[in-house]
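Undergrad: Using the hints, position chain Z against chain B.
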Amino acid sequence: MSERARQEGREQTSSSMVLVIVLWAFVLTPLLWGVYQTLTGVVALFAG
Amino acid sequence: MIGFLSRERTIAGPGFNRWLIPPAALMVHLSIGEIYAFSVFKNPLVERFGTGLTPIGIIFSISIVMLGLSAAVFGTWVERAGPRAAMFTAALCWSGGFVVAALGVATTQLWLVYLGYGVLGGIGLGIGYISPVSTLIKWFPDRPGLATGLAIMGFGGGALIASPLTSTLLGAYASNPVDAIVPSFLTLGAVYLFSMMLGAFVVRLPAEGWRPEGWTPPDEDDAGSLQTIADVSAGSAIRTPQFWLLWTVLFCNVTAGIGLLEQASPMIQDYFSGIAPAAAAGFVGLLSLANMAGRIGWSSTSDYVGRKPTYMMYLGVGAVLYFVLASFGATSLVLFLLVTVLILSFYGGGFATVPAYLKDMFGVAEVGAIHGRLLTAWSAAGIAGPLIINAIADYQTAAGRTGADLYTLSLFIMVGVLAVGFIANLLVRPVDPRFHMESGPEGEHEEESTVSGRTAGSEG
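The listed protein sequences derive, respectively, from chains B and Z. Take 1 as the starting number for the first sequence in the numbering used here and just add one per residue. Take 1001 as the starting number for the second sequence in the numbering used here and just add one per residue.
In isolation and in its complexed conformation, chain Z is listed as follows:
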């Protein structure tokens, strides 16, 4: 079994079709994307544990924090062990999390749900998120934006599947959804185990030196100014200013997007008094679609226009859109919808384009490990975004403001947040060659380079 999971056993033979890799990646991302549909379980869990929304909301928060932490901590292992072992581990953690959480619900032990869905499931999220992404980048050096967009679109799409699926399961297993939580958790765990294991079975790494037919890597002369032809180890990458500039870029983009997502349903009802709760739920669905479409659409576009200009658009145009929303959003529902849909497409695009940006800056050798470390920006933004929006909304309510006025200040703050990200992106320059790994068979790699995906015969 261990041999089957080993990195060496996942090297593709000649004639392997690289278009098998995106569905393998999607099997993982569509599964772990369930996390965004967790809110469907909220009310039944509140009733089951006889507690408030906050202790139940902590389950989701633990998962997201663990996603960032595990991606950062296990990123290097993912590169060393290879995608099959990583996806296999992610499948066990994610599905095992459902089983432990089901046990917690069955025995009314909330801490077991924290441990299962939060900690164990969160580790599965982090490992599952990064492993197919770095593999896709290796298979699609000619179209990294398209490749990562395809996988990360799955993370957004997973919620679109899980939300109606969970509602169906909760209704099918028992007349009271509270009694249906345990079988629903177990069913979802089994479905995701199968899907992710199938992905792990299919996934392959390209052989050393493989390149797409008819494609030649850019050399020093024709490479884009930010595209490196060398590799940087994960340990070296976090010592470069470029890593922290990209961390800031991702943090700002995610903070602004989460700020809107967090308040989407009450926001549209406060902006337009005639909007019913069902229509507000439809608005949230529309934003989810925009988020998913942005992941594949904008990330693919970045292959042609470049990563830096693409982020200029996310952050620069995004700031303008937030300004329009704050200033004129309440004047027209059509304008409100257009602006918010574009903002959420930029939010999704930001997630999907960043692995390709990292590949441009740091090369492919340890891009998964570097991506994992960068995802701590997501965890931080997941705390900062809702904090800003909720604190200001409370402050505005206390000040007696109503309707669109509740959000004006926080939207202007998001303009500032995006401006900071825009400046950080503007400052991104090529990585100093002193951080590059030494190449060639005789090259003496840095300490971290022993975990490189390019080191033949590396342990694991």
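If we strip away everything but chain B, and leave its shape as in the complex, we get:
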């Protein structure tokens, strides 16, 4: 494998990792917000 091909492979892997992180953040952020909102309601069950 040439040096150029190895370099392209590394770039593809790193950009793909960035994309993975961005997309996971896109879905997990609202989900965690929803979980937090629900948990604040659950507190009422134990506070009462």
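Do not take every clue at face value.
A short, non-exhaustive set of chain Z residues, derived as facing chain B with CB atoms under 8 angstroms [said to hold, decoys possible]:
| id | residue |
| --- | --- |
| 1 | L1026 |
| 2 | L1030 |
| 3 | F1060 |
| 4 | I1062 |
| 5 | A1278 |
| 6 | S1288 |
| 7 | L1289 |
Rather than coming from a laboratory, the hints here were simulated on the basis of the structure. Idealized CB from N, CA, C, for every residue including glycine.
TA: Chain Z only, in chain B's frame:
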């Protein structure tokens, strides 16, 4: 545009990171999971149309029935057309449903809301539910339970997002929530269109012959007794006893779970007189979290302990838990909470584990289409569960019973329902090889196999 949506254009190139697929699937499932938050719109819709809860409740029922029907009818098309076209279609139907429903609200035409949110949105639900699931199974043959658990967790999580989001929108657009329904519908439609389209853009199918690094498919000798190494077409699958046993398993598991969910808020207040409505709402939230956690937790666990033992737990332990709830639930709030949380985690786990169970039994080639047909059990349970619980609660009220006694009989009936499911699961055996598709390039497939995801160059 059609070329962009085609199955061939969604085949991943070398080096594609499969961990991009779960968020793509979640973009769809988090969006369509809004259906479980529909109750937030109920009171404003009742006021807007000047009608009762029943005609408004029908909107939700139509959506769920259409989910099961469209998943069954379009499942084969989803496999043939590929996930991008399916997710694109689901996005148009689901978001278009909001637009048509908004038109119905604006013109005070309830039938348009039925048509929009119910029929059109329901079709989007069905197609959107199955398309990412079958794609994930193809990308994660080594961990199908984890993969499907991730996506189907999103369906439960979607309600956790949509419920507070809808409340915020209804409060933000107008001082009276009734006047905020139309802009809220349109906003949600736009948000879900963007999210689902992004998912459709990202999704890819693995290339023919692709497998995870370092993973080798099980062969005849080391495969678990129920894991097939062959594929069964959707048309053949519904002719096997295994399909109908799994249909019964899902039906029983969902019926029991819905029975509890349906009555969660009044139930805890009847069991414990000191529980205020706000605390009861917190209990419903707790059950939603348990439902979501069960989807990812138990489904992932099934990758290690096997699908059949996992369902033994859902149904067997579930039956014991219902018995404990009926017999001793009123004695302690902590016991009541522990038992109900576990029951709801099994309910969620049952939804998330079934695609992996289907993959074990029928292979990956048409698992989406088979899953779609199996989801008719969900529609049937959605009718049976509330019917049983509500009819018995009415009967008990008429008989002068109060408190926990209102629910004892229906909880014991759920023990029986779960026992039926347990037996059905016990009877599951490997699929007879005569139902297997013929493999190999020269193999002459059955009629249905032309829609197989593995048929290179298939139309669509």
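Undergrad: Run every hint past the structure and note whether it holds.
TA: Cross-check of the supplied hints:
For L1026(Z), the interface hint holds, the least distance from its beta-carbon to any beta-carbon of chain B being 4 angstroms, beneath 8 angstroms. The interface hint given for L1030(Z) holds, since its Cβ lies 6 angstroms from the closest Cβ of chain B, which is under the 8 angstroms cut-off. Below 8 angstroms, beta-carbon pairs count as interface contacts, and F1060(Z) has none with chain B, the closest being about 20 angstroms; its hint is therefore violated. Because the smallest distance between the Cβ of I1062(Z) and any Cβ of chain B comes to about 25 angstroms, over 8 angstroms, the interface hint for this residue is violated.
With a cut of 8 angstroms, the hint placing A1278(Z) at the interface with chain B holds, because the nearest CB-to-CB distance is about 5 angstroms. Hint status for S1288(Z) relative to chain B: holds, with the closest Cβ pair at about 6 angstroms, below 8 angstroms. With 8 angstroms as the threshold, the beta carbon of L1289(Z) comes within range of chain B, its nearest partner Cβ sitting at about 6 angstroms, so the hint holds.
In this structure, the earlier hints numbered 3 and 4 are contradicted, and the remaining ones agree with it.
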